[in-house]
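Please put together the full structure from these sequences, using the hints given.
Protein chains: 2
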Amino acid sequence: MNPTLEIFSQGEEVVTGQTVDTNAAWLSEHVVAMGFTVTRHTAVGDKLDDLVTLLREISVRADCCICTGGLGPTSDDLTAEAVAKAFDLPLEFDDVAFEQIKRFFMLRNRSMPESNRKQAMFPKGAERIDNAWGTAPGFSLQVGRCWFAFVPGVPFEMRHLFSESIQTTLASRFLLRPGKLITIKTLGIGESAIQERISAIEIPPQVQLGFRASPDDVQTKLLFPHDYPETAVAALASKVAEELGDSVFAIDGFGRASGDLVFVIDQLMTVGGHTLAVVETASQGLLAAKCIGLPWLLETRYEQSLERLRQKLAVTVNGNDLIATAQAVAGAIKKTGAADFVLVQLYAGDNKTFHDKDQSIILYNTLLTGDGFHQTTHSVAGPIKRKQNQAALLALDLLRRYLQHKEL
Amino acid sequence: MNPTLEIFSQGEEVVTGQTVDTNAAWLSEHVVAMGFTVTRHTAVGDKLDDLVTLLREISVRADCCICTGGLGPTSDDLTAEAVAKAFDLPLEFDDVAFEQIKRFFMLRNRSMPESNRKQAMFPKGAERIDNAWGTAPGFSLQVGRCWFAFVPGVPFEMRHLFSESIQTTLASRFLLRPGKLITIKTLGIGESAIQERISAIEIPPQVQLGFRASPDDVQTKLLFPHDYPETAVAALASKVAEELGDSVFAIDGFGRASGDLVFVIDQLMTVGGHTLAVVETASQGLLAAKCIGLPWLLETRYEQSLERLRQKLAVTVNGNDLIATAQAVAGAIKKTGAADFVLVQLYAGDNKTFHDKDQSIILYNTLLTGDGFHQTTHSVAGPIKRKQNQAALLALDLLRRYLQHKEL
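Order-wise, the sequence lines are chains A and B. In terms of the UniProt record's numbering, the first sequence opens at residue 1 and continues consecutively. In terms of the UniProt record's numbering, the second sequence opens at residue 1 and continues consecutively.
FYI, nobody ran anything at the bench for these hints, they're computed from the structure. Warning: the hint list may mix true and false statements.
You can't tell identical chains apart in this list, so a pair holds if it fits in one copy or across any two.
In silico SDA-like links for lysine to any residue, alpha-carbon gap of 20 Å or less [unchecked claim]: (1) 312 x 299; (2) 102 x 190; (3) 102 x 196; (4) 118 x 97; (5) 47 x 204; (6) 312 x 332; (7) 334 x 308; (8) 221 x 45; (9) 334 x 295; (10) 102 x 379; (11) 102 x 195; (12) 406 x 246; (13) 47 x 195; (14) 312 x 336; (15) 312 x 334; (16) 118 x 128; (17) 357 x 133; (18) 47 x 208; (19) 385 x 215; (20) 85 x 56; (21) 221 x 259; (22) 118 x 198; (23) 357 x 295; (24) 118 x 193; (25) 335 x 311; (26) 335 x 308; (27) 47 x 221; (28) 312 x 333; (29) 385 x 216.
Only a predicted model underlies this, so the values are computations on that prediction, with no experimental measurement involved.
Following this line, the structure appears as structure tokens:
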């Protein structure tokens, strides 16, 4: 069993929603990678009783707790006081901490306000965590079952204190056996369809299976215990990936292509020495925008009206045949441009359909390469911004499939 | 005393830090505005016992709880099961919900996987919350002291369900005395510059002042108690807005332009009956992409190379004078196109500068309208994606300033 850890975030700005709590996610990601099981995140405001209650709860429930915020000099910074009250410990003045705080102000040619004196008061038995990045030192304390670390809520101070001090302490205080996480990333297939496709695969009970759908991909996650044999990890991950077939664009944690779709394409285009021209319609600039800074994208244009696009490029194919039109557009661009690949995205659906979240547009993607035309067709529904994003991703994904497999 | 409310976020991806929990902040902001006191945020993973424990805790501690996540079709979506177990309620099949789920798939020409059937199972006594935005309906349930609402974790579904259903129910079930929140949204000025500019204004202790910086704006927030006099609210908000001047593009909660930048521009363009052509460079499609679906945007093009842009449009002005070049480009577009406004974005900075987060590019925006040329120039540093986003926003902001003030 991994040791359990809770994240405790303190501050009115968090519970009132003025601040998105990025600290909790950052800390969790780091401690999970170390081998902790994170059981809870809790945020409470700057109220002494709420803090006391929560500290007591955690002290009997978790092996470790990292608490952010409430170490500042103002009256709503109550952490030390709450810890003292929760565990019946007197507050003691720490000379070294006080010298550090005074020095912080001195180095910045500022005089120390009297209120900062309180930042040198710690509950009896606490160990100071020096903070070279701000005025507030952190502290740590073992209470019953739980080892608490208290750090400032300012993200960059918190991150420095974690990386430079807490991480080492955790590694020495706990017996940690990090698991192995494999993330299979797909595009063009939904979460429930994935679940159905892999339902025949037997997932051993020690392996945790999870899913995450975001606007840019669907991720299937396999978390293996630390002592799970390497070959069995590889076998299961391969089996799942195989079931998902060509929809898989990357697998993180498996020594294969990893990262997001654009990153995967960038690697493949760079290795292959290819260049690209793009014509987009439904995504209205978003396809090009996703490729910002990539030197192999030579030429990009988008056009809201298919009619105007045909006029501009003198394409005479019947505009109702979108596959033939896309091929003609690609051919015209190829002739005048320098890129060796041309990617064309067209779609069927009028303006009303495009705006209506309950109606679908049909996307026609054509890729022209040295060995001819490659096609995909997709139906996409949802709010207009979802259609736009899917249109950009699915066109790029045609390029990815070609590059990864050189056949479709 | 305000009724208390807790936010409960469910999902392995949250506690393991794979996802930053933006739902909690979004919901908190909205319920605080309605008059609730948010006492806690808690996140737990997809473990039945953890969910059951937390549900029971909250049911005796809060007046209301909004719970996100765990309503999907897969085996790790455990909300309904956890509620049933926590409060000893049988799960019942809801015909109407099942029809809605089937219809969702039918409209998208997809067959419904068997696993989605479970999304129509609710604990006895629950009221369904219809979801036109995804497959998972939500549900609500009173347990002891606490009224629970369960909604999907997908942010846009959650937001729709909150705005279209839960908000109304909350307003009718609870006696709420909302404070008055005013949010002043700015672009092109940083958080510390804002703090400095308004430092001379005396903020009464009952008024809460907060700031929030996002990629798309910086928000200055003033939260007034419910019984604060209207005239005093208006006076203080106006004073703060005045100090921030033209950087303010919207003020939410003040009967003036509100919403995001593109929304504000859309209103103004529509009212004025104007049309626009855009040429973008540094933002590489992102400016157009942000305007997806807006009918007054007639023509858009982007070009990575200034040289090619000059060639294509036969602009002969010296390319080193970017203001003159932008004006010539705008003039050329105006002559050939149908739009009455032309917005041109150029930038100075080589490829290396663009990629280097520690170096700045200089943005030159030109807007050509019936009464001539309007210019802004900005220096933008940071990672390439930040430069891209700022380039798109700052060009659009020139249009906004013109439309709001018809002078610069």
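Hint check:
1. 312 x 299: both (16 Å within a copy, 13 Å between copies)
2. 102 x 190: For residue 102 and residue 190, the Cα distance is within 20 Å only across copies (15 Å; inside one copy 49 Å).
3. 102 x 196: Result: close only across copies, 16 Å inter versus 56 Å intra.
4. 118 x 97: Result: close within a single copy only, 10 Å intra versus 57 Å inter.
5. 47 x 204: Cα proximity of residue 47 and residue 204: across copies only (17 Å, versus 45 Å in one copy).
6. 312 x 332: Cα proximity of residue 312 and residue 332: in one copy and across copies (10 Å, 17 Å).
7. 334 x 308: both (18 Å within a copy, 17 Å between copies)
8. 221 x 45: Between copies only: 14 Å across, 33 Å inside.
9. 334 x 295: within (18 Å within a copy, 30 Å between copies)
10. 102 x 379: between (52 Å within a copy, 18 Å between copies)
11. 102 x 195: between (53 Å within a copy, 18 Å between copies)
12. 406 x 246: Answer is within; shortest intra-copy Cα gap is 12 Å, inter-copy 53 Å.
13. 47 x 195: Result: close only across copies, 19 Å inter versus 44 Å intra.
14. 312 x 336: Cα proximity of residue 312 and residue 336: in one copy and across copies (13 Å, 13 Å).
15. 312 x 334: Intra 14 Å, inter 17 Å, cutoff 20 Å: intra and inter.
16. 118 x 128: Within. Shortest intra-copy distance 14 Å satisfies the 20 Å Cα cut-off; inter-copy 51 Å does not.
17. 357 x 133: The answer is between: 8 Å across copies meets 20 Å, while 38 Å in one copy does not.
18. 47 x 208: between (38 Å within a copy, 11 Å between copies)
19. 385 x 215: Cα proximity of residue 385 and residue 215: in one copy and across copies (10 Å, 18 Å).
20. 85 x 56: within (10 Å within a copy, 26 Å between copies)
21. 221 x 259: Only inside one copy: residue 221 and residue 259 sit 14 Å apart there, 37 Å across copies, limit 20 Å.
22. 118 x 198: So residue 118 and residue 198 pass the 20 Å test across copies only (18 Å; inside, 54 Å).
23. 357 x 295: between (35 Å within a copy, 17 Å between copies)
24. 118 x 193: Classified as between: cross-chain Cα gap 15 Å, same-chain 52 Å, threshold 20 Å.
25. 335 x 311: Both: 16 Å inside a copy, 19 Å across copies.
26. 335 x 308: both (19 Å within a copy, 17 Å between copies)
27. 47 x 221: between (38 Å within a copy, 16 Å between copies)
28. 312 x 333: Both ways: residue 312 and residue 333 sit 11 Å apart in one copy and 15 Å across, limit 20 Å.
29. 385 x 216: both (12 Å within a copy, 16 Å between copies)
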